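A.B. asks: If you want the building blocks of each chain, they are given just below.
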Amino acid sequence: MAQHIQPSPAELKDLQNRELDAICVNESVLKHPWWYNLKYSAWGILFGIVFVKAEIISWFRIQEMFRFESFHMYGVIGTAVVVGLISVLIIKRTKARTIYGEEIHIPNKEFNKGQIYGALIFGLGWAITGACPGPLFAQMGAGFGVVIVTFLSAVAGTYVYGVFRDRLPH
Amino acid sequence: MLEAIKQPWPWYVAGALIGLTVPYLLLVGNKTFGISSSLRHLCAACMPANITFFKYDWKKEAWNLFFVGGIALGAFIGATLLANPGPVQLAEPTAAYLAEKGITDTSALMPPEIFSWSNLFTLRGLIFFVIGGFMVGFGTRYAGGCTSGHAIMGLSSLQWPSLVATIMFMLGGIAMTWLILPHLLTL
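If you read the protein sequences in the order shown, they are chains E and A. Residues in the first sequence are numbered from 1 upward in steps of one, following my numbering. Residues in the second sequence are numbered from 1001 upward in steps of one, following my numbering.
It is possible that part of the hints are untrue.
[What the hints assert, rightly or not] Below, in silico cross-link-like pairs of lysine-lysine (DSSO-like), each with a Cα-Cα straight-line distance of 30 Å or less:
no.	chain 1	residue 1	chain 2	residue 2
1	E	K13	A	K1059
2	E	K13	E	K113
3	E	K113	E	K39
4	A	K1055	E	K31
5	A	K1055	E	K13
6	E	K39	A	K1055
7	E	K39	E	K13
8	E	K31	E	K113
9	E	K92	A	K1101
10	E	K92	A	K1059
11	E	K39	A	K1101
12	E	K92	E	K13
13	E	K13	A	K1006
14	E	K13	E	K31
15	E	K39	A	K1060
16	E	K95	E	K39
17	A	K1059	E	K31
18	A	K1060	E	K113
19	E	K113	A	K1006
20	A	K1060	E	K13
21	E	K113	A	K1055
22	A	K1055	E	K95
23	E	K31	A	K1060
24	A	K1060	E	K95
Since the hints were derived computationally from the structure, they do not count as laboratory data. Note that this is a predicted model, so its numbers are computed, not measured.
Based on the sequences and whatever the hints tell you, model everything.
C.D. replies: Structure (structure tokens):
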């Protein structure tokens, strides 16, 4: 059973900063060696294979989706949401814990204007590049070398956001 | 069995596996699914400068980088050992529209008419790689998540801000595809 230790003020500040505009932060008191992270790589490998095998990383499939000429991508995303929804319900109902015995916590997302303006900008870019951030990694891995440029531009975009964050409407 | 794996996978198999990422990450490490954050962690790791947004202990989020590294490796395996045998089977109207714009080669997942090195220093390259990529990186962080963080994780946990974001993703994509892209493709 995991113990619940209050984080120090410095740790708390670091956590709050990491939580800014992020949907995937969870603090754990457990300290694991680096190779514990390989379980995420393992799932990532399966994920990358799925991305290629179902052609989710294909620029063509994204065009089809936004032109409403194929059900494929709607089927993928819709099924993923339904499976995710049922899983979260089961986890909440059974009060399931992690394999290390920690309580599972899903942070609430606060609304801000970024979910309008930022999301719109991402949507515009998604239709051009045919990729959200996940498929960017997969496109590079699948051998589309020039996507490295797209990827570096995406990192630059994130960086510029970080620089101007305080001056943008939220 | 191996033959079935080598064919392109149907949407329900892919959707189910992607959906299972949500409980997997929660159960093995209390992580909520999200990919775009990896771009931020890279900024924090490589060039935090003195920017508050990047001044945090990125090593505590290293799992996310291991995850995206896995995605790249998995895609490599998918594109080599398990490669789809034929060209992308595009919907008829999409194929006709793209052909009209000079994009006819569907032998790979990405059209070589756009995504090749020879386009890097052209207007097409600037738009499709540099500006497009920038909008993906800037927009996802401003929105606080991408398709995985908002559309899948956010909707799975019934968060209405994620529904707003997902609708805006779609509106942006539809506006680009119908209003702007037809002009960009003829440049």
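A.B. asks: Determine which of the earlier numbered hints do not hold for this structure and return their numbers in increasing order.
C.D. replies: Violated: hints 3, 8, 9, 11, 13, 19 and 22.
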